[in-house]
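Asker: Sequence:
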Amino acid sequence: MSESVLPLAMAALTLAGILAGYRVGMVLAGSAALFILVSDLPTAFFNLLVSRIYANVLSNWLLVAIPMFILMGLILEISGVAERSLRAAQRALGGSAAGMGVSVLVIGVLLAASSGIVGASVVLLALLALPRLEEAGYDKPTSAGLVAASGTLAILIPPSVMLIVLGDQLQTPVPDMFAGAMGPGLILVVIYALYVAWRARGLPAMPKVERASPWGLLFDLGPLLALVIAVLGSIIAGIATPTEASGLGAFGAVAITVLYGRFSIEMLMDAAKKTVVTTAVVLFVMIGATCFSAVFKGVGGDDLVEAGIMAFGSGPYTVLAVVMAAIFLLGFVLDWLEITLILMPIFAPIVAGLDFGNGLAGHDLLIWFGVLVAVNLQTSFLTPPFGFSLFYLRGAAGDRLTTPQIYQGVAPFIALQVGVLVLLILFPWLITGFTS
0 MSESVLPLAM AALTLAGILA GYRVGMVLAG SAALFILVSD LPTAFFNLLV SRIYANVLSN
60 WLLVAIPMFI LMGLILEISG VAERSLRAAQ RALGGSAAGM GVSVLVIGVL LAASSGIVGA
120 SVVLLALLAL PRLEEAGYDK PTSAGLVAAS GTLAILIPPS VMLIVLGDQL QTPVPDMFAG
180 AMGPGLILVV IYALYVAWRA RGLPAMPKVE RASPWGLLFD LGPLLALVIA VLGSIIAGIA
240 TPTEASGLGA FGAVAITVLY GRFSIEMLMD AAKKTVVTTA VVLFVMIGAT CFSAVFKGVG
300 GDDLVEAGIM AFGSGPYTVL AVVMAAIFLL GFVLDWLEIT LILMPIFAPI VAGLDFGNGL
360 AGHDLLIWFG VLVAVNLQTS FLTPPFGFSL FYLRGAAGDR LTTPQIYQGV APFIALQVGV
420 LVLLILFPWL ITGFTS
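Under numbering that gives the first Met the number 0, the residues of the sequence shown are numbered 0 to 435, in order.
All clues stand as given, with none of them false.
Capping the alpha-carbon separation at 20 Å, the derived lysine to aspartate or glutamate pairs in DMTMM-like fashion look like this:
hint, residue 1, residue 2
1, K296, D39
2, K139, D398
3, K273, E82
Bear in mind the hints are in silico, worked out from the structure with no lab data behind them.
Could you build the full structure based on these sequences and the hints that come with them?
Answerer: Now the structure itself:
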């Protein structure tokens, strides 16, 4: 039997199971167990899997930050604090057609920095911003693309669950991952804003809206901004670990709901229950991916992948282009979590061994690669047919938007993100310049 048969069969069976709709964690763990039995691996390999699960997942204190950041975001979303901030930003910036579009971006950034939950961001933006964008004269595809792209900023702008998982998989400090993602996040926001301003040319003036007083805006936006600064600042400055800062964020979210009179035990219990469910899904997939990656390497899968990539050329930028293209294409059919947990243990050692001639090595090289992957994976939320932001937007928009209009609207934003990805490859300091 060819040495390539087992890893190819394992990859094909796993992909088929995921696309068929089976639970991802079950597919990954089940595939690992099956190929231990049918390969030459000893049955004692099962004991190794138990040890890896305990070491990589169950005893990993960094992962405690995941449920706490999820809880912070859900508290702000369920209590209505996020909606309050969104309306305040609209009052502050929505005096013109271009200003209305930019306000959606600003709100997307605030939601990203305060929750990190793409689904909540997209749904909230769709419900509150789509009617206002229509009033401003934006065509439906542009409105759809703006809302979807603004909502996906939640997966890139810190504190992001994806960056925590990437940092864990790449064994790089999460504060540096957060700092490295700041530059690309700001670049995307600026480029989106320029595109929106260009699309808003010639649109009629907006009707005058009620303007809030500066003190009113400060009261509506100040606490949320203070929470974001406290959480991110404490992490990036090294004052607190991501785990400690996540606890601060959850406590701060509760304090803000008390300040606005939105706190209730029912709200807190609802957020806690949803946090448990979401966290369980994430950790179950991580356990399955830990098993899958160990067995896939055991049957020679990592060597096969490396040989396949090198077949396109051994130059470092050629290898990086192949890796980025593979991640981008898989984003059409797989979720970011699946791609991160399955592919990063395979791709990271390959990239870490390359010399790009840009002075990056070791820690800085992995930070650069990790943020490139994060920007690439952000695009997967917008790529049809399985981009999750598209599903969230379609469900929240109701009859306001059709699926073709959504696909048409996100296309320019996908192109902009790919352009930013190329820019970050050519100028690594846009990422590493923000790290320690």
